[in-house]
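Work the whole structure out from these sequences, hints included.
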Amino acid sequence: MRAVLTKKRQAGLCRTMIKLSNIEKYYGTYHALRDVNCHINEGEFFSLLGPSGSGKTTLLRTIAGFEEIDSGTVMIGGQSMVGVPPNMRPTNMVFQSYAIFPHMSVAQNVAYGLRSQRLNKAKTAEMVRESLGKVGLAGYGERAAHALSGGQRQRVALARALILKPKVLLLDEPLSALDRKLREQMQSELRRLQRSLGITFVLVTHDQEEALTMSDRVAVMFEGQIAQLDSPQALYKRPASKRVAEFFGAMNILKADILEVKGDIATTRIEGLGVANLAFNPQPGADASSHYCAGVRPELMTILDDGAMAYDKETPATVTDVEYRGELTYYDVKFEGSDTPVVVSMRNTSNRELREIGQQVRIGWESASAVLLLD
Amino acid sequence: MSRRVLTMFMIIFVIFLYAPTLLLPIFAFNDSSIISFPLSGFTLNWLKSLGAAEELRKAAGTSLIIASVSSIIATMLGLLATSATVRYQFPGKGFAIGAIMLPMFLPEIIIGVSLLTVVLLAGFKLSIYTIIMGHVLICTPFCIAILRSSFQQLDPSLEEASLDLGESRINTFRRVTLPLIMPGVVSSLLIGFTISLDEFVIAFFLSGTEPTLPVYIWSQLRFPQRIPSVMALGTLLLILSVVLLTLSELLRRRSARRLDQKATSGAL
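Here the protein sequences line up with chains D and P, keeping their order.
The first sequence begins at 1 in our numbering and counts up one residue at a time.
The second sequence begins at 376 in our numbering and counts up one residue at a time.
No incorrect hints appear here.
Among chain D residues calculated to face chain P with C-beta under 10 Å, some are:
1. Asn92
2. Gln96
3. Ser97
4. Leu164
Hint data in this document are derived by calculation from the structure and do not stem from the laboratory.
Glycine is no exception: its CB is placed at the ideal position from the N, C-alpha and C atoms.
Okay, here's the thing in structure tokens:
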């Protein structure tokens with residue numbers, strides 16, 4: 001399924017399911033959404049990632065129809081959603097609190113949205129059974145909703161939404177209330193469900209790991225704006241700005257001066273690392289006055305052994321701290337002419353000895369693994 | 376030391392508050408038409424005499440009708456007011472809530488006199504309806520106070536989930552909101568009923584030819600020989616009020632539990 005999707009995408013065959021254009025939203029004087037534009041493709045697992053207050057939930061609720069926007073348009077399945085109330089939209093939502101109706105049984109909860117379809121009892125019961133089976137709750141229909149655990153509530157919320165066969169399933173931080181183990185289990189289950197159903201999923205999360213592992217594409221939001229929209233790999237490898245980079249794992253940030261730009265290559269002087277040619281593709285919003293810094297992930301630098309294989313770049317440094325963490329060891333090193341401590345992570349192997357504080361080492365790195373970041 | 380003083384104070388306070396009420400049942404069963412100690416003996420005659428009094432039965436009927444209708448109207452108005460004020464923000468909301476809640480604190484005599492003036496100016500005759508009007512006015516704030524706590528305990532995402540699953544606003548109210556706040560609604564009906572049943576001042580000003588029970592009781596106090604009967608009647612009303620108020624509070628707590636919340640203090 002995913003392979004097919006990827007091929008479709010390459011061939012430009014993917015249809016847009018949701019199109020958000022120039023969305024602006026104010027709460028009083030608070031600017032909650034600032035000129036949000038994006039396309040969400042049919043059958044895609046799309047995540048809105050950001051810290052609290054970044055507008056991600058507001059954007060999700062805008063798609064669902066719970067928030068009125070001040071300007072801009074929302075299109076779902078090619079139709080404008082202006083003035084369309086939530087009950088008339090082809091979307092269903094899994095709420096953060098799950099919103100399971102406490103006065104109904106599990107089966108009544110799941111069948112809730114079927115009422116308008118005027119099905120007979122047997123058909124309804126069959127659909128409920130099928131839907132509960134899909135989320136791994138077969139046989140739970142007669143239980144009272146308030147007697148369920150957190151994980152079960154979430155599955156009921158999923159079954160209740162999916163039984164209506166929505167074009168888009170919206171998930172508002174569905175995993176944040178679960179403990180770590182259950183959360184990881186639900187992540188892979190949600191992913192599998194999404195692939196087998198082929199429904200467009202839009203997930204809101206503040207957990208970057210969750211966004212990376214589950215999504216086809218992620219929109220990173222800060223202060224009501226989409227800072228970067230890309231695939232998980234691209235977001236991790238080529239973050240556009242310092243803020244996005246720091247949101248996804250560890251990143252060494254070094255001062256940088258762009259000396260010359262030729263096409264999409266920028267000759268850059270990096271603090272401590274010297275001059276290197278870095279890929280340069282300015283993001284929308286960046287201009288000649290924009291400041292840049294350079295970023296290198298700790299795992300993309302190596303402390304070279306004597307006579308080790310050649311790296312594109314080699315830079316002498318001094319070890320200032322060693323932190324052993326089992327699988328990995330984190331070294332703090334300082335390059336000559338730079339005060340910024342740089343973290344290098346090394347996989348521990350049976351024949352590799354730990355370096356000591358104060359030791360002189362050579363750090364190997366590739367200019368392709370350094371990225372220019374908007375400051 | 377100060378603890379003992381406080382305990383004493385509390386005991387005196389409670390005695391002062393409830394002892395007079397206890398005189399009602401004592402003299403309701405005392406075998407004498409004169410209200411004085413020492414007691415002369417036990418009797419059920421005063422209670423029995425109530426059944427024979429035609430006017431009393433009529434007054435009781437009037438009171439029950441007024442109390443039922445007033446509490447239903449007040450609860451319906453309360454539902455509208457709370458669903459608007461708890462869920463939505465609108466200009467003048469604070470003022471509107473204040474204006475609706477004010478009759479709770481306004482002296483009843485002022486409400487009674489001003490309503491009487493309005494009714495007479497408008498050319499209406501005094502009747503059951505004018506009393507209902509007055510009672511709705513004073514019951515509504517109490518109903519709102521109770522319904523507010525029910526609504527606030529209701530997770531707004533439950534209503535959103537219903538809308539999201541394709542139900543209209545009206546059906547959402549019918550299938551989700553109303554069942555979940557039902558204990559609060561019943562509690563509000565009971566409180567409204569009790570307030571209206573006990574109310575004297577407004578009923579006195581606004582009643583025409585059909586007095587309510589409290590007004591009837593007041594009229595009987597002019598005849599000393601009927602006082603023990605009034606005591607018996609008062610005892611029945613006391614029991615009824617206590618039962619209704621207890622029921623209403625129990626329902627409110629049950630509702631709070633059902634909505635997965637800690638029971639918080641309500642209007643009582």
